[in-house]
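The primary structure of each chain is shown beneath.
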Amino acid sequence: MIKALLVVFLSAASAFAQQIGNPTMQQGVIPPRGTFAIRNARIVTVSGADIENGTIVIRDGKIEAVGANVTVPAGAQTIDGTGLSVYPGMIDAGTNMGLVEVPQGANGTVDTSEVGDLNPNAKAIIAVNPHSAHIAVTRVEGITNTLTAPTGGLISGQASLINLIGTAPKEMAVVPQAALVINYPRIGGGGGGFGGFQQPANLSETLTANERQLEQIRKMLRDAEAYGRAQDAYAKDRSVPRPDRNVVLEPLVPYVRGEQPVIFRADREAEIRGAVRFAEEMKLKPIILGGNDAWKVASLLREKNVPVILTGIFSLPSREDDAYDVLYEQAAKLQQAGVRYCISTGDAGAEVRNLAQYAGMAAAFGLSKADAVKAVTLYPAQILNVADRLGSIEVGKMANLVVTDGDLLEIRTSIKYLLIDGRPVVLTSRHTELNDAFKNRK
Amino acid sequence: MPKVRSRLIVGLLALTLAPFIPNSNTNAQRSAIDTYAITNARIVTVSGPVIERGTVVIRNGLIAAAGANVNAPPDARVIDGNGLTVYPGLIDAYTDLALPEASPAPSPGGGGGFFAAPPPRPVGGPNSTQPVGLQPEVMVEDVIRPGGNEIESARNIGITTALTSPRTGIWMGQSALINLSGDTPQAMIVRSPVAMHVGFTPLRGTYPGSLMGVFATLRQMMLDAQRYRDSMQIYERNPRGIRRPDTDRSLAALVPVIEGRMPVVMLVNSEREITRALDLASEFKLRLIVAGGRESDRVAERLAKQNVPVLLSLNLPRRTTAALPEADPEPLRVLRERVEAQQTAGKLAKAGVRFAFQSGSLTDMSELMVNARRVIENGLPAADAVRAFTIWPAQILGVESQLGSIEAGKIANLTVTRGDLFDRNSRVAHVFIDGRPVDLRPAAGGPSRSSLSGTWIVNVNLGQGDKAITLNLQQEGDRLAGAISGPLGAGEISNASVAGGGEVRFTVVFNVEGQTKEASFAGRLANNEIRGSVTIVGAAPGTFTATRSGQPN
Amino acid sequence: MKRLIARSLLLSMFGMLPVSPARAQRQTSPETLIRNATVLTVTRGTLENTDVLLRNGKIAGVGKNLNASANARIIDGTGKFVMPGIIDCHSHSMLDTINEGTLAVTSMVRTEDVMNPTDVDLYRELAGGVTTLNLLHGSANPIGGLNTVVKIKYGRPASEFLFPGAMPGIKFALGENVKQSSRPNQPGVQRRYPNTRMGVEEVIRDAFTRARDYKRTWDEYRAAAGKNKDLMPPKRDLQLEPLVEILEGKRYVHAHCYIASEILMLINLADEFGFKIKTFQHALEGYKVAKEIAAHGAGASIFADSWGYKIEAYDAIPYNAAIMTRAGVVVSMNSDSDERARRLNIEAAKAMHWGGLTEEQALKLVTLNPAIQLGIQERVGSIEVGKDADIAIWNGHPFSVYSRVDTTFIDGVVYFDRQQDLARRPELAKERAALEQAEPNKPPAQGQSPQRPGRRRPSHEDGIEEEMPR
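Residue numbers (my numbering), protein chains in the order written: chain S, 34 to 475; chain B, 42 to 594; chain U, 4 to 473.
Quick caveat, the hints were computed from the structure, so don't treat them as lab data. All figures in this text were calculated on a predicted structure; none of them were measured in a lab. Virtual Cβ for every residue (Gly too), placed ideally from N, Cα, C. The reader is advised that the hints may include incorrect statements.
Said to hold, decoys possible - Label-pair ranges, simulated between beta-carbon atoms:
(1) B:R284 x U:G202: 27 to 37 Å
(2) U:N70 x B:K346: 40 to 50 Å
(3) S:K95 x B:R374: 51 to 61 Å
So that you can see chain S by itself, here it is in the shape it has in the complex (with noise of 0.2 Å):
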């Protein structure tokens, strides 16, 4: 179905689109930008009202024109809209996109989280990889956008935002080094005894042996800060003696100085409250990722106006005793008590593309359904400051637009066209070309 309106869409370059069509080959080519104008859709503009029948004009990745009466310019490649829908591109904040492939069976594809506990020069950006079948296995669900992050250890390294297309990682790159990740301190048991530190089994040991890891984390941002000041001396004066350069501090000095974000990885309530509070003590900018207890300490939360990134909207509660819908509804219970939240399925890869369905599980427990499209578009932009171009369909953003069917949020809507950086992508993916292979075999 989808094959057939290839050719309608890239009527300027048709032997580039058989080409493209085939995922392999997408992973070598790019599609160029260019114009393009959906026109007669209903567009969820997200930051404002929808329109209800209107156009949207795209030139050189960006969107040009929004409203109900626009002009397309000569030459634009058209898309009728007609019965259909346009939302922005849905962001994932809390995935591992494209630093694994096979998590189990198959390491030498694991490339999340890198030895010992202190690691904030490792940039996710590097070590991304652009031809991962996950990438358009995603994007096809209209997911446009992840935040990539490394895990492991206490400082796991630096996050990246990406756009799910791209033959190189600096063509995928919306903000290379976009946050950096911390692992906050966990009281949960679990997770496995690697590392240098071991499981204690305890309680109070482990609040003990909690304290220490801080105390390291703490000691390392410390040491940034006075670097960063070293080395801006310097920089001023030349009369200062030189200060070497470190490639491990060096990263740190934008997010102990507040300029950059710092996620931090904290689930429960005790976790959540230390990470606030150490944020408060080192002067760093908190997002809280995951947040299952975020509901709990909302004041809080509000308060100090940390955001948090929900990854656990598809998670079992964890005490026997918790209501059956006490994740389900965390969501909405943020939004009412006014906190900066976004939706994420907190997945290393192979279920991103299933977004949409933790948004809707979150509206059909409380939350409004427009505030759960925002919470996959919008709202993550803007927790990771970057709503000047993405998250909303306005004028000036980059052009990430999906064109549906219906309710971008219901299983049951297909997905009939995507642009991502003013880019035309094929609906084709490992799973596609697979289903292609084998339907018919008899």
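The hints should help you fit chains B and U onto chain S, whose structure is shown.
This is chains B and U only, laid out in the frame that chain S set:
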């Protein structure tokens, strides 16, 4: 009845019965020191109404007489029972008293754990076809040892008799009922075997390694025992022409069990565990006794109908953890369990289920009476509580003609208290076992020093997952000795010490990846677990948790 | 103090279980009439503005303007959707243990022996509209243990869960889990056989060869025993008896498998020994050999769209259900996860999104098809008069992400109701407050440190992670 005539009758009776009264020693001497009389005491006979003021006469290890109108014989040593109450000696219906630590299960094939190729069944007991843990032929009477701190602690609170059973394995072995005094095992044993004991902890590193496997193994072995008995019968009837079946002590030991002649005690506490035990007993027509029985009230109707008694643990669950703000709240299920466990005995009594009390491996025996009080406060009539310590266990364990009440002719096991047995302020004044008084040590001041003796399963975590090793400890006062075995090697412990408050330390030499390393353990005993840290020279430090082997959880 | 205990006793009796039916007596099913709902019958299409009558545990009526007795409970179904209770064909809920992993053939072990009816995840599954589970042994062994089919009668004793008349079944497993391929070698320790897919086949072949001989031995004995009473019967072997049942067509085989080659291997092996595989579980490459699966007559019970977590799952595609359905295979969607089991309605809908199955075909994936696969289709799997009253009322179409379950019935008795659940929450809070004051629940002056909160059971893969060696 006029006094003269009654005395005559008593004397005649004594003459006629004399040859039939068993003597406790082969010399058949009757010396003055064998005869006691407790006078002017309140006597709770259990078999009849309470005698507010009476005399109990002990002679030759037996109760010679008990009543309001009984006089102390002239040769008796008299104990003034004013203000004292005499009860039948209390019976603890499930313990591991008088048993040495079991020898550690040899680890199969080089400590392979889950990865070992199906190992040849490691041979445990002499000539057994089954691995250790599946040897029903094991009998505790072979290994009973008299004396020891645990027996003293039990006696100090008035326990004169205990059912003692192995605690490890699946077919754990055959228990014995012992009196808690005597210089030799033979002098202690009242009855052996009493029952076959079954636990549901899977074996480590070999089949059955899961609870499902435990049930399958129990079934298969009982089927094999049936066949064994049948084939042996056919062979013995006429061996000619038939190939001789292999003898098998393990299967032979199960024959009385599957024929219902020997009861089976199963260690089960939750409703579903008890239900599974009842189902298994129905399937194989076993004479089941439930031990533990914390949720037995929920299955009371079926227990009564299937005539299954309960050895109810008085190791009542209570909260042992401090309140930490970072901790999750405890589950409602646990909170309810703790409250409801106190009510189980009362409910069993109402439902007509027979039951007896057991200490359930309490480390601090003084808790036993405290918990008995709780159970009375929560619905068990006090008189039933007395019965649950005396005549009911005697009936359940098949010794009601010898123990459990104060009647002439029964064994002279008596617990004499100042104050009512369950009263908070009462204390045990005298304990008689086999007609002789025992020395009651004064209660240790300060924190109770729970014994560390026994077999422990130690989970050691060195950062690469847990390893389980077996630790056998013997504690004598402050001295600690023992040995370790398992995937990290075997050896004696050294530099071992125990301090008040349960601090335990020792070192042992391990074999880690071909190198010998010394490891120092330091931990704390609380609530029957030792937790602490282990430091290995030259390697990363780790932690450990030790639980008693065979512990129901 | 005593009053406190008595009060807490009272509260505890009241709030003891999330469902109010009294424990002691047998459950009686009240008559219930659901009026004016959209009824997804599965077998007779979607009926608008239709009533459903439940009586004596059965579906007593489906139609317009039905009558009910005076004491029937009336539920206004306007705007609601009624669907058969979802059947999860691959579950490890309510099992105290999942794998007996010490031997490669463990057909003597039974999941029925280790059922835990108090598992709270059962309640959460009821809240997702699930009424029946196929409790399977894990995937540690080529031949695993016996299954149990249950109705989720949360709050009742385990014996009442057993699904009457369900065909007995057994779990087989092929592939990476059985080979323990993701576990490192331990120095000096031999790996358990089998370590390759070649060995997996050999284990199963050997087991059935022995089972065949065992059957012959017993057949010969029975023939001879009539004449000779003194004849000693052969030894009974609980491991081989279920395999004999398979050979005699009396026990269903549910085989965990992933890749095409092992699916074909098992089909060939089964054909050779003359038995049928009832379902291939997971069968993520089933779409590659759909015609062979259909020809053999096996069904497939799969994930909607999980893929890529292991090498053998790398070629998994979400079009699997559609391709196999069109090839004539009876396909069901399963969860293999307490978490996913709550959302099987959406998992089924995914087959419309990927592969274009019709709504009715997709509905069957979690209702009639798993019922067929478990041999219970006479009783459940669709809304028809005479079938068990195992249904759920949804506040929207079950295939919409915005829908949730209002009420779940099993045998006509309510086992989940959202309104009741909400109403009970303040009561449970009160009960907790009272219980925390009870003496045994007070923290001691000098207490141990509490345990670290544990990790949840892994969300899928047959609980393999939790069975790590001790």
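**Request:** Starting from the hint list further up, note which numbers the structure goes against and sort them upward.
**Result:** Failing hints: none at all.
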